[in-house]
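Asks: Residue strings, one per chain:
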Amino acid sequence: MVQRYVMSIDQGTTSTRCILFDARGRLVSVVQREHQQHFPRPGWVEHDAVEIWRNLSRIVPQALADAGATADQVVGLGIANQRETTVLWDRHTGNPVGRAIVWQDTRTDAMLEQLAREPGADRVRQLCGLPLATYFSAPRVRWLLERTPGLRERAERGDVLFGTIESWLIWNLTGGAEGGVHVTDVTNASRTMLMNLRTLNWDDELLEFFDVPRAMLPEIRSSTEVYGTTSRVVPGIRIAAALGDQQAALFGQTCFAPGEAKCTYGTGSFLLLNTGPTPVLSTHGMLTTVGFKIGDEPAVYALEGSIAVTGSLVQWFRDGLELIGSAPEIETLARTVEDNGGCYIVPAFSGLFAPHWHSEARGVIAGLTSYITKGHLARAVLEATGWQTREVVDAMNADSGLALSTLKVDGGMTADNLLMQFIADVLDVPVVRPMVAETVSLGAAYAAGLSVGYWPDLEGLRRNWHRAGQWLPAMDPARRDTEYGHWRQAVELTFGWMRPGPAAAAPGSDLVEVLLADHRRFEQLLRDLRNAEADRPALVAELAALLVAHATATERIVRPGSAGTPFADDLLAVLEADDFEKALLRLENVVDGHVRGEERGLLNDLRRTMSTSDRTGLGRAFVAERRRQLDLDCGSATHIRELGDRLTL
Amino acid sequence: MPGPIQSIERAAAILRLLARGSGRLGVGEIAESLELAKGTAHGILRTLQGVGFVEQDRDTGKYQLGAALLHLGTSYLDVNELRSRAINWADALAARSGEAVRIGAPLEGRVLVVHHVFRPDDSLQTLDVGTLLPLHATALGKVLLAYDTTLVASLRTGEPEAYTRRTLVTQTAIKRACGKVREAGWAAENGEMIAGEAGIAAPIRGHGGIVVGAIGVSGAVERICEPDGSPSPRLLGHVRDAARAVSRDLGASRW
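Heads up: the protein sequence lines correspond to chains P and W, in order. Note that the numbering used here has the first sequence beginning at 1, numbered continuously upward. Note that the numbering used here has the second sequence beginning at 1, numbered continuously upward.
Among the hints, a few may not be true.
Derived coverage of chain W by chain P (criterion: at least 3 residues anywhere in the stretch with Cβ under 8 angstroms from a Cβ of chain P; other residues may be distant) [claimed, not checked]:
#1 86–100
#2 120–133
Each pair of labels, with its calculated beta carbon distance range [to be verified]:
#3 P/T373 x W/G23: 21 to 29 angstroms
#4 P/E153 x W/E29: 57 to 65 angstroms
#5 W/T126 x P/A257: 23 to 31 angstroms
#6 P/L323 x W/L15: 25 to 33 angstroms
#7 P/L323 x W/V169: 53 to 61 angstroms
#8 P/D481 x W/D59: 43 to 51 angstroms
Worth flagging that the hints you see were computed from the coordinates, not collected in a lab. Glycine included, each C-beta is placed from N, C-alpha and C at the ideal position.
Please model the entire structure based on the sequences and the hints provided.
Replies: This is the structure we're talking about:
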């Protein structure tokens, strides 16, 4: 009998690989090629889309040759790709417009701050499930259209096409300028900020908001269906599936049921939790995204926590600091010491992603003393990945209302035993590695195999999943709490670094002034609200958001652990306007009490006991936290109800 | 007896030259000093660079002694690096064989378990990475012994412990077993450390064929061995394939 295979292409951030799998999901051959990273300016990250395509053209025939197979033995091809990376190209020549802008690129930061103030900005998250952040594709498309002369006209005529990497590869594989198919799958489309999460179609409101012409967009298709047949590189292979790489890993880890979660540890790390057929909007900084869509079946949604820098911190340790010769040696170096020696590294290289979403944050090494050696730094590098995972898991538990019971892990960093043990320790749940660590590739293969009937159903795929290794938590709970406290302290130091620029210590960033300014605004809003002629709904909305943001930031930054007067019920009564005057009066009393108490007590203490620079540092952290809360729509009735008695002034 | 090999003499001369003075020389300077054709000097330098004995400065293009030379006495391949490079093949071996997989490297006269993949039946198992196993009573250990005479010498300092009545405890028996391993290219254990447990292992080789570790499967005798006590040919084939695949990844060309 002729052996048949499924081919999988994983087009990742640093390399492209082609893997052939057999019927039991076992790896038969692997070929990989790295591509160059371009950093033309600080914060800019680019890839050459042509180089990626050339690499693909080399590895596909090689993978077939290594397995001694021919194209007709390949039942289907599945693609998993780095998500959000944006390619624009000319439909007639196939030439890209400049280099591809990579997901890590932060050039759209300033533009997004402007967009956030425009009308309609508050609708974006509801429509597409994503916050306004540099991470996603739509702002990049807008950026390119705005800055490249003549590009908008060409895009409107449909002469210039947009795609994420899978669109670019499928278009090229199916003929390129000669009849290439211009499609994307729903998981990739869900990362553009242009797709409506519920209808799974491009959304007119979002297209208008980002000013992106519809003519340049690919057709949105399900994750598993035959998009076309290759006519280039190795002709005659059906392209049967496409998924964003993290969704592919979710699929490869067989997280098919609601409540199942996986984390992939690579350059960055991505925790995805299957939430079933309805999208869950997050109030804790998680993203809502499409997990997968099998043919005509309803889409399955996921919550996602993205961590920007994990493996790339190890790479920086190797290439930037040159303290190790290869990435795995970090474990050897870390094992030369017993602990981190009090040192913490927060790798906010291009801001912090989930659950903080502070694009203005920049990294710190905290707790440096003359005692610290490179061994301690190596520990701190690995622990940064562990703590960042913990923050995401905490947020996800809060959003989903479920407590994670096991974490399925995959990716290159799972070869690091010290790190995997540390993750089990800080999460206090078992960490499990499946037999095939290449779950991104496997997921794409599973999807393609399912699409062409090579595998009959999800249950069949589940039977292929086996546990290859497991790490059980073994850390003393008291130590875990202390260490987590230190980590959070270090994280706060990163907030607000980029935003104020040279005016970092200018008036307005001192904590005392920040608090006073908030108090004056409360009083102004309350005064305006007494006026029955005023636009009360707008004023109430502003007051609610500001009060919740202020209260949350106060609780987290100014006086962690000590509560004030609960006011959620009063605020809800004002919001819902039943017996408005009375409710307003009660709220005024709470706010008044808070303002008077704090200005007589805490603020004087701060003036007396704290240095100006400390007050500025705290002030920055406070402003950043308050802003994050506002971005998360913290003044919504749902959120206030959820906080309940934890909301105090 | 063949005479001295010219290219090795020349390589040694280049290393001596680089060890002198400033320690950074261009290929032209080296060729002139040793009166070699530039192409010849370049070829030798590239080979030395490949094994890590010289390094080339990225900016100036000049050559200097490599870090690998300084660490000649210590381990040649970091064990975490070994795990990282072998992990995919070890998974594949466990999936194909249906048995637990371990990778071992020598450490202080014992076998350090560098990597462990569970038997793929989802039963309760515990990772034993970091455990030390005896050299003379395990298939992994016997592979390491067979290709490293200094390890054999380390056994001489103490009486090898008898774990079961099948454990090889005399120097002669161990030496004979090592000879067989070299001949066959693999090692087996059958109830030599724990009664009823068996294993099969094969060498992992790095650049130039040097043995850097061993990979193998282990489990209940009935599953690992034939009724006559010899290792199952099917499992043996899988183990040797995996060992060869890892070795190829590590740059061993002939195996």
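Asks: Of all the hints numbered above, which does this structure not satisfy? Sort the numbers upward.
Replies: Violated hint (a single one): 7; every other hint is consistent with the structure.
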